[in-house]
Amino acid sequence: MVNQLGNYSLYIALLISIFIIIKTSLSFRNSSNVLSGNIFSLISVQSLMVIISFLTLIYAFVTSDFSNETVYNNSHTAKPLFYKISGTWGNHEGSLLLWLLVLTIFLFLFVIDSKNLPQKYRILTLFFQEIIIFGFLLFILFTSNPFANIFPIPSEGTGLNPILQDPALAIHPPILYLGYVGTSIIFSSALGAIISGSINKSWASHIKRWVLISWVFLSIGILLGSIWAYYELGWGGFWFWDPVENVSLMPWLCLTALLHTVFTLEKRGTFQSWAIILSITTFSLSMSGTFLVRSGILNSIHTFANDPSRGVFILCFLFVLIFISIFIYFFYQKTITVDSTKTFLMSKETAVLINNLFMMFFLSVVLIGTVYPIFLEVINNEKISIGPPFYHKLIIPFLIPFLFFMAIGPNIKWIKDKMGKINLKDIFIFIIPIVISYIFVNKFGVSYLLSLPLFIFSLFLFFVTIRDFFGKNINISQKISHFGFSLLILSILLNGVLAKEHSSNMRVGDEIKFLDKIIQFQNIEVIKKQNYQTLIGKFNIVDENNSLSLKPEIRIYDQPQTITSEADISSTIFADNFLVFNIIKNDGFYNVRYQIKPFMIWIWISVLLISLGGILSLKKKNV
Amino acid sequence: MNKMKILLKLIIIFLIFQNFSSAETSQKVDKISKNLRCLICQGQSVYDSQSDFALSMKILIQNKIDEGKNDEQIYDFLKNKYGEWIVYDPEINKNTILLWVLPLILFVFGGILIYRKVSIK
Chain A
1 MVNQLGNYSL YIALLISIFI IIKTSLSFRN SSNVLSGNIF SLISVQSLMV
51 IISFLTLIYA FVTSDFSNET VYNNSHTAKP LFYKISGTWG NHEGSLLLWL
101 LVLTIFLFLF VIDSKNLPQK YRILTLFFQE IIIFGFLLFI LFTSNPFANI
151 FPIPSEGTGL NPILQDPALA IHPPILYLGY VGTSIIFSSA LGAIISGSIN
201 KSWASHIKRW VLISWVFLSI GILLGSIWAY YELGWGGFWF WDPVENVSLM
251 PWLCLTALLH TVFTLEKRGT FQSWAIILSI TTFSLSMSGT FLVRSGILNS
301 IHTFANDPSR GVFILCFLFV LIFISIFIYF FYQKTITVDS TKTFLMSKET
351 AVLINNLFMM FFLSVVLIGT VYPIFLEVIN NEKISIGPPF YHKLIIPFLI
401 PFLFFMAIGP NIKWIKDKMG KINLKDIFIF IIPIVISYIF VNKFGVSYLL
451 SLPLFIFSLF LFFVTIRDFF GKNINISQKI SHFGFSLLIL SILLNGVLAK
501 EHSSNMRVGD EIKFLDKIIQ FQNIEVIKKQ NYQTLIGKFN IVDENNSLSL
551 KPEIRIYDQP QTITSEADIS STIFADNFLV FNIIKNDGFY NVRYQIKPFM
601 IWIWISVLLI SLGGILSLKK KNV
Chain B
1 MNKMKILLKL IIIFLIFQNF SSAETSQKVD KISKNLRCLI CQGQSVYDSQ
51 SDFALSMKIL IQNKIDEGKN DEQIYDFLKN KYGEWIVYDP EINKNTILLW
101 VLPLILFVFG GILIYRKVSI K
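Which chain is which? The protein sequence lines are A and B, in order. Take 1 as the starting number for the first sequence in the numbering used here and just add one per residue. Take 1 as the starting number for the second sequence in the numbering used here and just add one per residue.
Bound-form chain B, shown alone:
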């Protein structure tokens, strides 16, 4: 918990001195932050929110990009830190396999029903 506080303070200090640099990296921040949930808001993405959390998050992403991390590494870092809840794009694992596959199964099943109803000749 203490570490979090120090981190937040550092982030706030950054916030004050930060000058958003090149447009290219900030576009990348936009892209990543669109896929992140603002944890303290009601169903808004980090990109859309103007809360302190979202602002510090954007700076955090910016720093990670400056460190040379790629998108994958940044998402993984955030998932480790805040849990799966923060990303809008759930990865496929044993918990989410049904989520991804169920609609596809329904589609195939419906397709078979139609195939049986319709005469091919």
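Chain A with its partners taken away, still in its complex shape:
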């Protein structure tokens, strides 16, 4: 009964969507460019309908209503309440409903937020956003309906994949989706602005907020996924250049480029066309990301729910949207006031262009690396794998000049700047990193050739941003983000170079010497939890001064039957001690992997700093 409520709400939302699309296109033709209160209330009702259907699905999960197929396939009565709720979006149907929910809510907020902007532009944006909503509604209702019924009603569900039963992963999808879906508003608004000929400074300062919001959510969403992979998958790695990770990184890179371009557009009124192209590209990347993940084309550890036939729908929808946007771009390009002024070499505009060049390069590496194997297999029937070595070889050499420009770019003035005299202080700030790097390499030895320049230049950025914090009239949000980035590269580098690990097979009572430490395997305890049994291993890491106790777990879930390893991690500001163990077939033996990961926590902190810069920039009113 309640189940049907959700279903009908979606149909009502679909009808409203059709009505709004017709109404807006009519009002556009009649050039009665007024956004009537009528439409506003329709949008409110539509959002409400989607909210109701989403709540209905949550209700079905919480009450374990197994007459609902989605609930049956992804839940179990023995699951803790928290994971019953998060299970709502831990599957294909539910996650699409979440996409739709965010789409409609964002549109609602957009309409409120854009009151002072030209009516024509608002109507057009509304029109394009409703087309996207319409597409998703069709997709949900006809290929992946979360309210499908099963009869006879099963008495028990099949359960949620246990490695998804985790707090970080419960909130990771909603946050990431807020970022993904935010790009839809940017897309619709860019198309609306180009048709209504209102790509100017005021459009830039309006859309900037949406770009920032999407960017912040996307950054934090990626961070959460990465933290989850670090402690749950038992790799001890945090980024594997896995296709699904890449798919979330691509819109981020594109958004970062757009962010810088929109700032420039807001201040200087240039780069209009480029801002439009980036807006369209960002959304296309978000959509194709959804397609690649959902279609199951990618071979990835993160792929949990997929179905090829659904992929075809998203693919077609994506092509239609891209086709429409390219058509609109070329047809209405003339509305963009041609910007014939040349950019001066020494100007912030050039710095932004250089940023964009690098961002596009990184994007192309990730994009080509992700899709190339798919195409090669189709064309040549040859299977290749593209993993970390490929990305490192292409990205690291370019990261070095990128860091350099990132340090000097923000200090160049808009329009035109003079090549300032290089004073003693600047030389000093460049010499410090070289000296530190030299000492560092001498002490620890670095095997990889490019680590040294990478180290020098990230330290350079580090010191320059610190110096700039004490300057006058500084753009604090930008400084924090850039500082965060230097910290990110530094901590990844140090983490990679200084990491130590030891893997061996141990029995209870065994002791192993590793570096100046002794790893003791003391005992194992078996505990029965709500929906799993857990083996808790008690380990002691003893060195001269102190002893550290770590308790990793092996969980044996019953619904569905799965074994997962939970690492135990002890974090300090200097290093993480990471210990994970696994069952192997030899009687009584466990594979124990102990890792020391220096500066791990700083990787997370630096991404938070980068995002914090975005949040601060959001609060700032046109400075």
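No lab work stands behind these hints, which were simulated from the structure alone. Each hint should be verified, as a subset may be incorrect.
To be verified - Output of the computed footprint for chain A on chain B, the stretches with three or more beta carbons under 8 angstroms from beta carbons of chain A:
1) 29-40
2) 65-71
3) 93-100
Unchecked claim - In silico SDA-like pairs for lysine to any residue, Cα to Cα no more than 25 angstroms straight-line:
4) B:K94 with A:W241
5) B:K81 with B:K94
6) A:K120 with A:L141
7) A:K393 with B:N70
8) B:K34 with A:L376
All C-beta atoms, glycine included, are put in the ideal place defined by N, C-alpha and C.
Assemble the complex: chain A is given as a structure, and chain B must be docked to it using the hints.
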């Protein structure tokens, strides 16, 4: 196929009697196995996986090192045996040349666009 089975059996026997020896060679195993795909897993490297395949693979690499083979020879051996799919670092050949060069071409192309946009004087 039969040979494979015998090999696998041998590997499993090895697995039981194997004692991981010096830390240095095992570090080398880690390094190599990080660059190998676990063929039966979903997007995990041999190093990260705990599957039987990955475990026997690590022992295979260990043996190759003990035989005195260098990294290059080990990768080549594995590529011959399992195909290009197993290594995460695709070599440059006529199939993959675009993969390596396309991003670089884009970078140069973008650079030229910026050069034309920006006045040098």
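For each hint, the structure was consulted:
| no. | hint | verdict |
| --- | --- | --- |
| 1 | 29-40 | holds (count 4) |
| 2 | 65-71 | violated (count 0) |
| 3 | 93-100 | holds (count 5) |
| 4 | B:K94 with A:W241 | holds, 24 angstroms |
| 5 | B:K81 with B:K94 | holds, 21 angstroms |
| 6 | A:K120 with A:L141 | violated, 31 angstroms |
| 7 | A:K393 with B:N70 | holds, 21 angstroms |
| 8 | B:K34 with A:L376 | holds, 23 angstroms |
In this structure, the earlier hints numbered 2 and 6 are contradicted, and the remaining ones agree with it.
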